[in-house]
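Protein chains in written order, with numbering that gives the first Met the number 0: chain A, 0 to 98; chain B, 0 to 101; chain C, 0 to 139.
Keep in mind the hints are simulated off the structure, nothing from the lab.
Here the structure is a predicted model, which is why all the values come from computation and not from measurement.
We put the CB at the ideal spot given by N, CA and C, even for glycine.
Possibly wrong hints are sitting among the right ones.
[Said to hold, decoys possible] Simulated restraints on C-beta separations: (1) C:D86 x A:S48: 36 to 42 angstroms; (2) B:F51 x C:E17: 36 to 42 angstroms; (3) B:K40 x A:E54: 31 to 37 angstroms; (4) C:K21 x A:F43: 46 to 52 angstroms; (5) C:K21 x B:D56: 38 to 44 angstroms; (6) A:K28 x C:V13: 27 to 33 angstroms; (7) C:I9 x A:K28: 39 to 45 angstroms; (8) A:Q87 x B:W38: 34 to 40 angstroms; (9) C:I65 x B:K68: 40 to 46 angstroms; (10) C:D86 x A:Q87: 28 to 34 angstroms.
[Said to hold, decoys possible] Once the Cα atoms are required to be at most 20 angstroms apart in a straight line, the calculated DMTMM-like pairs of lysine to aspartate or glutamate come out as: (11) A:K38 x B:D56; (12) A:K74 x B:E44; (13) B:K93 x B:D56; (14) A:K74 x B:E42; (15) C:K32 x B:D26; (16) A:K28 x B:D73; (17) C:K21 x B:E28; (18) A:K69 x B:E28; (19) A:K28 x B:D26; (20) A:K69 x B:D73; (21) A:K38 x A:E57; (22) A:K69 x C:E17; (23) B:K93 x C:D86; (24) B:K40 x C:E82; (25) A:K34 x B:D56; (26) C:K122 x B:D26; (27) A:K89 x B:D54; (28) A:K28 x B:E28; (29) B:K93 x C:E82; (30) B:K68 x C:D86; (31) A:K29 x B:E67; (32) A:K28 x B:E67; (33) B:K40 x B:E67; (34) B:K71 x A:E98; (35) A:K69 x B:D26; (36) A:K34 x B:D54; (37) A:K29 x B:D26.
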Amino acid sequence: MKYILILSMFILSSCTHMASVSQTSIPAKKGNVVKAEVKNNIIFFFNFSNDYVNEINEKLIAQCPNGSVKGILTKHENITYFPIIFHQIKISAEGYCNE
Amino acid sequence: MNKLILFVLLFTLGSCAHSVHEVHIGDFETQEAFTAGKWIKAEAEQHVIFGFVYDTDYVNIARNRLIEKCPKGDIQGVTTRYSTSLGFFNWTNKIFMQGLCL
Amino acid sequence: MLFLFQGCAIVHHVQVGEVRHKKDFVRMPFQLKISETGIDFGEMANISKSLSKNKAGNSVSSIAEIISLFQTGPRTGKPVYNESYADSLATALYKECPSGDITGLVLVREMNSYPVVSGEIIKINGYCLQRKTAKKGKKS
Chain A
0 MKYILILSMF
10 ILSSCTHMAS
20 VSQTSIPAKK
30 GNVVKAEVKN
40 NIIFFFNFSN
50 DYVNEINEKL
60 IAQCPNGSVK
70 GILTKHENIT
80 YFPIIFHQIK
90 ISAEGYCNE
Chain B
0 MNKLILFVLL
10 FTLGSCAHSV
20 HEVHIGDFET
30 QEAFTAGKWI
40 KAEAEQHVIF
50 GFVYDTDYVN
60 IARNRLIEKC
70 PKGDIQGVTT
80 RYSTSLGFFN
90 WTNKIFMQGL
100 CL
Chain C
0 MLFLFQGCAI
10 VHHVQVGEVR
20 HKKDFVRMPF
30 QLKISETGID
40 FGEMANISKS
50 LSKNKAGNSV
60 SSIAEIISLF
70 QTGPRTGKPV
80 YNESYADSLA
90 TALYKECPSG
100 DITGLVLVRE
110 MNSYPVVSGE
120 IIKINGYCLQ
130 RKTAKKGKKS
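In isolation and in its complexed conformation, chain A is listed as follows:
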């Protein structure tokens, strides 16, 4: 029983579940693809700040400084690396840079 529990914990590690998804209007003219992601590591479910989310906009703008970023697909994922002990929240955004 103990070995089955340890084995299942290893198998369940890095399981990825999606929390939310959104897609904005997609333009006809599609420039370069720009991608950005932010991550937050959570130990024992203790999370003290969500300010990391604010960085994703800055990362997208840095890749497209003289244009508009349109057609953005945003994904909010929960990744379990070690059940109960260590999780990661990953927010990724992918869009087109039109200059």
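Dock chains B and C against the given chain A, drawing on the hints supplied.
Only chains B and C this time, still in chain A's reference frame:
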């Protein structure tokens, strides 16, 4: 007869239950009326057994399928539905996208 | 009293869109609500187990438990039997604002929860931009 009714009830109520997690709707920036465009749809799904799932690529697949249906036009007001069809220790995550191709 | 106090309104997800302004246009507000009934057989099993003392009640809870085993998976709110109830949003928006000039969309995925059943609701508030009608002025 009672056992037959029970079996039918179990079969119908046990399957085909779904959970709609989220519906998102994109902005409309069009100067044209809805009737000027064509509504397009795309779907993708991911089958999960016992909760073992390692990626969310089905979302990107749904988006690419939507773009393929309107490669040279604007796609406005993209409605995204994220739902799960429940089952016996296995389920199917689904993404449904719909937009106005102008 | 237990059943009366069980009714709860729960918000699962909120989305706020851009608010645009156009000269000579006025924002006419509208609201749409689309809903479906959700049923939780696991909750039904627990309630009938705790309330009933006879064989019939126990068999109802066993059946409900078996059905709930066939409904495993990630959940938001209670399960529904028609997942495409929200797919008519686009058509409903067109009826509210045929011009397509829509702004300020706020979408709320919420639930009105009662014992065993729930209303799984998608509510949209928005504005339809319509041209201002010219005021009749006095001629000198």
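Against the structure, the hints:
no., hint, result
1, C:D86 x A:S48: 36 to 42 angstroms, "holds, 37 angstroms"
2, B:F51 x C:E17: 36 to 42 angstroms, "holds, 39 angstroms"
3, B:K40 x A:E54: 31 to 37 angstroms, "holds, 34 angstroms"
4, C:K21 x A:F43: 46 to 52 angstroms, "holds, 51 angstroms"
5, C:K21 x B:D56: 38 to 44 angstroms, "holds, 39 angstroms"
6, A:K28 x C:V13: 27 to 33 angstroms, "holds, 31 angstroms"
7, C:I9 x A:K28: 39 to 45 angstroms, "holds, 42 angstroms"
8, A:Q87 x B:W38: 34 to 40 angstroms, "holds, 37 angstroms"
9, C:I65 x B:K68: 40 to 46 angstroms, "holds, 42 angstroms"
10, C:D86 x A:Q87: 28 to 34 angstroms, "holds, 33 angstroms"
11, A:K38 x B:D56, "holds, 18 angstroms"
12, A:K74 x B:E44, "holds, 15 angstroms"
13, B:K93 x B:D56, "holds, 11 angstroms"
14, A:K74 x B:E42, "holds, 16 angstroms"
15, C:K32 x B:D26, "holds, 18 angstroms"
16, A:K28 x B:D73, "holds, 8 angstroms"
17, C:K21 x B:E28, "holds, 12 angstroms"
18, A:K69 x B:E28, "holds, 12 angstroms"
19, A:K28 x B:D26, "holds, 17 angstroms"
20, A:K69 x B:D73, "holds, 11 angstroms"
21, A:K38 x A:E57, "holds, 14 angstroms"
22, A:K69 x C:E17, "holds, 14 angstroms"
23, B:K93 x C:D86, "holds, 13 angstroms"
24, B:K40 x C:E82, "holds, 15 angstroms"
25, A:K34 x B:D56, "holds, 15 angstroms"
26, C:K122 x B:D26, "holds, 16 angstroms"
27, A:K89 x B:D54, "holds, 12 angstroms"
28, A:K28 x B:E28, "holds, 15 angstroms"
29, B:K93 x C:E82, "holds, 10 angstroms"
30, B:K68 x C:D86, "holds, 18 angstroms"
31, A:K29 x B:E67, "holds, 13 angstroms"
32, A:K28 x B:E67, "holds, 14 angstroms"
33, B:K40 x B:E67, "holds, 10 angstroms"
34, B:K71 x A:E98, "holds, 17 angstroms"
35, A:K69 x B:D26, "holds, 11 angstroms"
36, A:K34 x B:D54, "holds, 17 angstroms"
37, A:K29 x B:D26, "holds, 18 angstroms"
Hint violations for this structure: none, all hints satisfied.
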